[in-house]
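Taken in sequence, the protein lines are chains A and B. Just so you know, our numbering puts 49 at position 49 of the first sequence, and the rest follows in order with no gaps. Just so you know, our numbering puts 253 at position 253 of the second sequence, and the rest follows in order with no gaps.
One should not assume that every hint holds.
If you only want the chain B side, here are some residues facing chain A, beta carbon under 7 Å, derived [stated by the list, open to error]:
| hint | residue |
| --- | --- |
| 1 | 42 |
| 2 | 43 |
| 3 | 45 |
| 4 | 48 |
| 5 | 191 |
| 6 | 220 |
| 7 | 228 |
| 8 | 229 |
List time: in silico PhoX-like cross-link candidates among lysine-lysine, alpha-carbon distance up to 20 Å [what the hints assert, rightly or not]:
| hint | chain 1 | residue 1 | chain 2 | residue 2 |
| --- | --- | --- | --- | --- |
| 9 | A | 5 | B | 254 |
| 10 | B | 96 | A | 2 |
| 11 | B | 96 | B | 216 |
| 12 | B | 161 | B | 176 |
| 13 | B | 176 | B | 110 |
| 14 | A | 72 | B | 110 |
| 15 | B | 242 | B | 96 |
| 16 | B | 110 | B | 28 |
| 17 | B | 102 | B | 68 |
| 18 | B | 216 | A | 5 |
| 19 | A | 5 | B | 260 |
| 20 | B | 110 | B | 161 |
| 21 | A | 2 | B | 260 |
| 22 | B | 242 | B | 102 |
| 23 | B | 107 | B | 25 |
| 24 | B | 216 | A | 2 |
| 25 | B | 161 | B | 216 |
| 26 | B | 68 | B | 29 |
| 27 | B | 68 | B | 176 |
| 28 | A | 2 | A | 81 |
Estimated spans, in silico, between C-beta atoms of each pair [unchecked claim]:
| hint | chain 1 | residue 1 | chain 2 | residue 2 | range |
| --- | --- | --- | --- | --- | --- |
| 29 | A | 16 | B | 144 | 29 to 35 Å |
| 30 | A | 85 | B | 27 | 19 to 25 Å |
| 31 | A | 54 | B | 144 | 29 to 35 Å |
Because the hints were derived from the structure by calculation, they are not lab data. Bear in mind the structure is a predicted one, so any value in this text is a computation, not a measurement. Glycine is no exception: its CB is placed at the ideal position from the N, C-alpha and C atoms.
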Amino acid sequence: MKESKIMLLQYITGACILVLGAAHFALLTSPSDGLKTTLTFNSVQSIYVAYGLIFELFLVLLSFHVFNGFRKVLIELYQGKTYETAVSWIMLLGGGATFVWGTRTILVFLEVLH
Amino acid sequence: MSQDKSDVPIVPLHFDPKVMEGLGKPIKKVNFRVFRFDPAKGDGVRYSVYEVPVFRGTTVLDALLYIKEKLDPSLSIRYSCRMAVCGSCGMVINGKEMLACKTQVEKLEKDTIVVRPMNNLPVIRDLVTDFSVFFDKHRSILPYIVREDVDFNLNREYMQKPDEVIDFLMFSNCIKCGLCYSACPTNAMDEAFLGPMAMGQAYRYIADTRDGAHVKRMEVLDASHGLWNCHFAGSCSDVCPKGVDPAFAIQQLKALAIRKAGTLKKKKPAINVVQVRELVPER
Numbered sequence: 001m002k003e004s005k006i007m008l009l010q011y012i013t014g015a016c017i018l019v020l021g022a023a024h025f026a027l028l029t030s031p032s033d034g035l036k037t038t039l040t041f042n043s044v045q046s047i048y049v050a051y052g053l054i055f056e057l058f059l060v061l062l063s064f065h066v067f068n069g070f071r072k073v074l075i076e077l078y079q080g081k082t083y084e085t086a087v088s089w090i091m092l093l094g095g096g097a098t099f100v101w102g103t104r105t106i107l108v109f110l111e112v113l114h
Numbered sequence: 001m002s003q004d005k006s007d008v009p010i011v012p013l014h015f016d017p018k019v020m021e022g023l024g025k026p027i028k029k030v031n032f033r034v035f036r037f038d039p040a041k042g043d044g045v046r047y048s049v050y051e052v053p054v055f056r057g058t059t060v061l062d063a064l065l066y067i068k069e070k071l072d073p074s075l076s077i078r079y080s081c082r083m084a085v086c087g088s089c090g091m092v093i094n095g096k097e098m099l100a101c102k103t104q105v106e107k108l109e110k111d112t113i114v115v116r117p118m119n120n121l122p123v124i125r126d127l128v129t130d131f132s133v134f135f136d137k138h139r140s141i142l143p144y145i146v147r148e149d150v151d152f153n154l155n156r157e158y159m160q161k162p163d164e165v166i167d168f169l170m171f172s173n174c175i176k177c178g179l180c181y182s183a184c185p186t187n188a189m190d191e192a193f194l195g196p197m198a199m200g201q202a203y204r205y206i207a208d209t210r211d212g213a214h215v216k217r218m219e220v221l222d223a224s225h226g227l228w229n230c231h232f233a234g235s236c237s238d239v240c241p242k243g244v245d246p247a248f249a250i251q252q253l254k255a256l257a258i259r260k261a262g263t264l265k266k267k268k269p270a271i272n273v274v275q276v277r278e279l280v281p282e283r
C-alpha cells in the first residue's frame with residue numbers, strides 16, 4: 001500500500017479516536033449510580049454490554065493508529081532495508097495481537113467467551 | 001533669470017566619523033574557533049583558534065580566507081562566487097546554518113565565532129562536506145521538465161502565464177547550498193530521508209504546468225523515507241539564504257498526495273504541442 005494511503009488512514013483513525021476516546025472517557029466517568037461505582041465490575045460490564053460494538057471499533061482504530069505511528073517513528077531510525085521490513089512486520093503482528101486480545105476481552109465482558 | 005551662486009546658502013557638512021569606522025583600520029579582533037579534521041592524518045576532530053582583524057563588511061568567508069592566506073594555509077574551505085549565488089560556502093556559524101559569504105562578522109555581535117561544517121553530510125576535510133548523497137537525492141526526483149508529448153525543438157518556447165510562473169517561482173531560487181539539509185532534524189535521524197531541498201525541487205517541477213512527470217516524482221516522494229517523514233519543524237525554511245520555503249512545499253505535496261493518494265492530477269494539464277505552437281510566434 002502506498003504511504004499516502006496509509007497516512008490518510010492514520011489521519012482518519014486519529015480523528016475518530018478523538019471522538020470515540022472522548023465518548024469512552026465520558027462513559028467511564030459518568031455512571032448512572034455515581035462515581036463511587038465507576039470501576040466496579042458490574043458498572044464496567046454494563047457499559048461493555050451496552051456499547052460493545054463501539055468499543056470494538058475503538059479497538060480497531062487504536063490498534064492501527066498506535067502501531068502504524070510507532071512503525072513510522074522506528075523506521076525513521078534508519079538501519080537498512082532488513083530493519084525496515086522487520087519493524088513493519090513486528091508492528092503488524094503487534095497490532096494484530098492487540099486487536100485479538102482486546103476483542104477477547106470485549107467478548108468475555110459480553111459473556112460470549114468464558 | 002538664473003539664481004546668483006552667492007544666494008545659495010552654504011550648508012555645513014556634518015561628517016560623522018563613525019561612517020568611516022572600520023574602512024581603513026579594523027573595528028575589532030575576533031577569535032575564530034574553526035573545526036579541523038583531516039582523515040589522512042587520523043588525529044580526529046579538533047578546533048583551532050585564530051585571531052582575525054575585522055573591518056566593516058568583513059564576511060565570515062573573508063575571515064576564513066584571511067586565516068588561510070596569513071595564518072594557516074592548511075585550512076580547507078569550499079567557496080566560489082562570494083555573493084550568495086553559487087551555494088558553495090554553507091557552514092554552521094555559531095550554531096546556525098549560514099552562507100559564509102553572506103554573513104558579516106560584525107552582525108554576529110560576538111567576540112568568538114565558532115565555525116564548523118554542515119550537519120548530516122560526511123566531512124571530507126575541515127569545513128568541506130561531501131554533497132554526493134545530497135545530489136543523488138536531488139537527481140532521484142527528476143529535477144527537470146519532462147514532456148513526453150513534444151519533440152525537442154530549439155526554435156520553440158514553452159510559454160507560461162505569469163500566474164502559472166508564480167506557483168513555482170520561489171522554488172526556482174534554490175541554489176542547492178545544503179543549508180536546509182543540514183538544519184533538518186529528520187535528516188539528522190534518517191539518512192535515507194529525501195530532505196527539504198529535493199522535495200522543494202520536486203514541488204517546483206510538479207507545480208510547473210509545462211511538466212508531465214508528476215506521477216513518476218510522486219512514486220519517489222510517496223515512499224517510506226519521503227514526504228511523510230517531514231515533521232514540519234520548519235528549520236529548513238528558517239535557514240534558507242534565498243528565502244525559499246521548502247517546508248511549505250512539503251506540506252503542499254502531502255496535500256496533493258492525500259487528495260489523489262499517489263495518482264496526482266494537475267489542476268491544469270501541461271499544454272500540448274499544438275497549443276504551444278499557437279502561443280509562440282515563429283522566430
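Structure-based check of all given hints:
no.	hint	verdict
1	42	violated (27 Å)
2	43	violated (30 Å)
3	45	violated (24 Å)
4	48	violated (33 Å)
5	191	holds (6 Å)
6	220	violated (11 Å)
7	228	holds (5 Å)
8	229	holds (6 Å)
9	5/A with 254/B	holds (11 Å)
10	96/B with 2/A	violated (36 Å)
11	96/B with 216/B	violated (35 Å)
12	161/B with 176/B	violated (26 Å)
13	176/B with 110/B	violated (28 Å)
14	72/A with 110/B	violated (41 Å)
15	242/B with 96/B	holds (15 Å)
16	110/B with 28/B	holds (11 Å)
17	102/B with 68/B	holds (18 Å)
18	216/B with 5/A	holds (17 Å)
19	5/A with 260/B	holds (9 Å)
20	110/B with 161/B	violated (47 Å)
21	2/A with 260/B	holds (11 Å)
22	242/B with 102/B	holds (11 Å)
23	107/B with 25/B	holds (18 Å)
24	216/B with 2/A	holds (14 Å)
25	161/B with 216/B	violated (25 Å)
26	68/B with 29/B	holds (16 Å)
27	68/B with 176/B	violated (25 Å)
28	2/A with 81/A	holds (17 Å)
29	16/A with 144/B: 29 to 35 Å	violated (42 Å)
30	85/A with 27/B: 19 to 25 Å	violated (59 Å)
31	54/A with 144/B: 29 to 35 Å	violated (52 Å)
Hint violations for this structure: numbers 1, 2, 3, 4, 6, 10, 11, 12, 13, 14, 20, 25, 27, 29, 30, 31, all remaining hints satisfied.
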